[in-house]
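There are 2 protein chains.
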Amino acid sequence: MNRLWIENGTFVTMDDNQPLVRGHMVVENDRITYIGEAAPSPAPEGAERINGRGLVFMPGLINTHAHSAMSLLRGYSDDEALQVWLQDKMWPMEGKFNDDDAHWGNALAVIEMLKSGTTTFVDMYDRMPILAKVVEQSGMRGVLTRGVIGLCSPAEQTAKLEEAKQFAKDWNGQANGRIRTMLSPHAPYTCPPDYIERIVAAAHELNVPLHTHMSESAAEVQQNVNDYGTRPVEHLDKLGFFSRPSLVAHAVHLNDEEIALLAERGVAISHNPASNLKLASGVARVPDLLRAGVTVSLGTDSAASNNNLDLFDEIRIAALIHKGVSGDPTAIPAIEALRMGTVYGARAIWQADEIGALKTGMKADFIAINTEQPHFYPQTDIVSHLVYSGSGRDVQHVWVDGRQVVKSGVCTLLDEEQIMAEAQRAFEGLLAR
Amino acid sequence: MNRLWIENGTFVTMDDNQPLVRGHMVVENDRITYIGEAAPSPAPEGAERINGRGLVFMPGLINTHAHSAMSLLRGYSDDEALQVWLQDKMWPMEGKFNDDDAHWGNALAVIEMLKSGTTTFVDMYDRMPILAKVVEQSGMRGVLTRGVIGLCSPAEQTAKLEEAKQFAKDWNGQANGRIRTMLSPHAPYTCPPDYIERIVAAAHELNVPLHTHMSESAAEVQQNVNDYGTRPVEHLDKLGFFSRPSLVAHAVHLNDEEIALLAERGVAISHNPASNLKLASGVARVPDLLRAGVTVSLGTDSAASNNNLDLFDEIRIAALIHKGVSGDPTAIPAIEALRMGTVYGARAIWQADEIGALKTGMKADFIAINTEQPHFYPQTDIVSHLVYSGSGRDVQHVWVDGRQVVKSGVCTLLDEEQIMAEAQRAFEGLLAR
Chain A
1 MNRLWIENGT FVTMDDNQPL VRGHMVVEND RITYIGEAAP SPAPEGAERI NGRGLVFMPG
61 LINTHAHSAM SLLRGYSDDE ALQVWLQDKM WPMEGKFNDD DAHWGNALAV IEMLKSGTTT
121 FVDMYDRMPI LAKVVEQSGM RGVLTRGVIG LCSPAEQTAK LEEAKQFAKD WNGQANGRIR
181 TMLSPHAPYT CPPDYIERIV AAAHELNVPL HTHMSESAAE VQQNVNDYGT RPVEHLDKLG
241 FFSRPSLVAH AVHLNDEEIA LLAERGVAIS HNPASNLKLA SGVARVPDLL RAGVTVSLGT
301 DSAASNNNLD LFDEIRIAAL IHKGVSGDPT AIPAIEALRM GTVYGARAIW QADEIGALKT
361 GMKADFIAIN TEQPHFYPQT DIVSHLVYSG SGRDVQHVWV DGRQVVKSGV CTLLDEEQIM
421 AEAQRAFEGL LAR
Chain B
1 MNRLWIENGT FVTMDDNQPL VRGHMVVEND RITYIGEAAP SPAPEGAERI NGRGLVFMPG
61 LINTHAHSAM SLLRGYSDDE ALQVWLQDKM WPMEGKFNDD DAHWGNALAV IEMLKSGTTT
121 FVDMYDRMPI LAKVVEQSGM RGVLTRGVIG LCSPAEQTAK LEEAKQFAKD WNGQANGRIR
181 TMLSPHAPYT CPPDYIERIV AAAHELNVPL HTHMSESAAE VQQNVNDYGT RPVEHLDKLG
241 FFSRPSLVAH AVHLNDEEIA LLAERGVAIS HNPASNLKLA SGVARVPDLL RAGVTVSLGT
301 DSAASNNNLD LFDEIRIAAL IHKGVSGDPT AIPAIEALRM GTVYGARAIW QADEIGALKT
361 GMKADFIAIN TEQPHFYPQT DIVSHLVYSG SGRDVQHVWV DGRQVVKSGV CTLLDEEQIM
421 AEAQRAFEGL LAR
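Protein sequences, first through last, are from chains A and B.
Read the first sequence against the UniProt record's numbering and you will find it ends at 433, with the numbers running on by one and no gaps.
Read the second sequence against the UniProt record's numbering and you will find it ends at 433, with the numbers running on by one and no gaps.
Heads up, none of these hints are tricks.
It does not matter which identical chain is used: a pair holds within one copy or between any two.
Heads up, simulated SDA-like pairs for lysine to any residue below, C-alpha to C-alpha not over 25 Å straight-line:
1) K407 with Q396
2) K165 with A175
3) K89 with D328
4) K89 with L20
5) K89 with P333
Simulated from the structure, these hints should not be mistaken for laboratory data.
Produce the entire structure from the sequences given, and follow the hints as far as they go.
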């Protein structure tokens, strides 16, 4: 049995019963078996001992909306309108992607996320077995789904859906349960209603959750009204989408009725503030969603629209923007923003009993932050410091499922230098083709 | 003569004549004497040679609004309304500050700024000789001003103004010209009109610029209208404020006429987006200000309202927020945000002929960023990467006035460990008193 004993650490647990622990944590194999102020008694035999002095430990961050392969397009197109960026820049380049490109783009995203403290991520894209293998190798935790766009022939629609189902079946529960799967129509505006209904039926058949993009831009909401006579929330609801556990990304443009319906249906939101700002999509009504009881988690979206995968950035932006835009400086206090990146993230992917907090019996997914730096001084309110002053670059060590996957800032299971070099080569290949 | 020769570097110069140089830069004493793609010829004799591979060099960042000593209050009070935060939390604690507190708060801010790539900062506070000595020792460049609050007896007003004048006289041009000074009424709402007029007269007498807080919150603008029958811009203009070179912080709440007047008077703005969001002050009309020809620079404000002094954060937030709030994804493109943190910052403090760009003849204030990290890959648009993906933690080396003040992430002229420990002690002392 692998045992790890962290001594003299400061633990921001995200567990309301003991939010801050200055003391000890013991991990046995993939689980936390002890956390408390007193030293564990008896002392865990044969444990690897880590001196936690100068480190703050907290749950690994959960990124609930990403498109990892698109990291290959970071910086390729910025400061353009959503539809121009998507249709004129992203789609033509993505159309050229081959398996090799997908592999290195995915690997680049995974090392960036791990090094910046994200231990679990949701990813919607294609060529998903390639990503699943990277996730398996990296030690990371992922909820993966083959997103399907239905603007194609019925035969192609069927082929894509079969591919998505096959992936969801093949990989659900793999890698010691670190990989789970979902099904995903890309968006209401890229999937005809009957296709969405088929995907919903398949999700029931496979007993997996659903993920989609929804109400990211005002134009898209208007198009939904024009095409189907309803706004996207009601539209998806009528198609039975919310009869499955559902995670929807963006949800920027919602009216009060839609918020109430999302709350009633138990739909979780992936709020992507940096991407929404950068693409000028707007500012989601997060304080209203939280007040209504909706689970709001955080996502980076892709590195092509952000342009980084540091979830600490999303946490800080979420804590700042809703104050500034609402005029209420008490909106989204620091602890609530941190919850969005941890416990609420875990809820949004139906794993709150396993991850998102440091608690006896839960999975040992956690990170250690080097707080011996000027921007963490004086050491007053640790949660405030993490949210308003912290960064993924402050992450020193990362463990997932009890295994150390980042040690002193370096990925232990993936070759960072090779991945950066190959990603560069792949990008230059895309430009040349 | 001290000579430095950087070979094989990538230089983001912020000089429109050659924005991107892949090549060489030579520094002699405090000045850049060569920058170009070809190796310098003849080779600079006896130069310290630096291999620039894997590094991006750019001008040091310019933070045009800070209150360094307040770093001691980082995390002491968050998520409160501006007036509550200021009057109930900050002022009582600041009232307890002694020279020792000011020293360690200032030193803490200076090491945080230097390590994150800021080479020049504007600071308005009291006990300014203490800060000036820290700046002198640190090797940093500063524009320092004793901010005065006039809500006190005439005798106290006079004493404060004399202190401010004395400081401005004593320190202007000190530390090889690295320190310059200004005069500063704290704000129109904390200084009676006749006191502002006396400060303006003193600025003329000493030939120094003026700095103040202006139109940070809507409430403050309304109070100005109630008290004086005019909005703050017209009020200050009538008091002769803009007859001096002027830098105003915040300027969140402006109407079209005020923007036109600021442009006409050549007033520079210090835009503090993180602080304005955190205190729910609102979002400044930066795209409109830039269109009107106003110089807009960036400031962190204090670590008590931000809560970090990483100017890369302000650059990214400035690039993101104005897109999201205006609905225009082309608002504040990456390069414009980077200008706000460099060349526009230099303009805002009337030093654009000396700093803010890498150019032959200019002061050697520059930073080196480690781009051999996943979040900078693939290496496509460097400016986009710096703005949307960069962080102060990526800064590896910093030079000011040709002298290396940060080497491999560590301050060379200040003792970081001592400063963090003493800042902690000072904060705990404040709590105990």
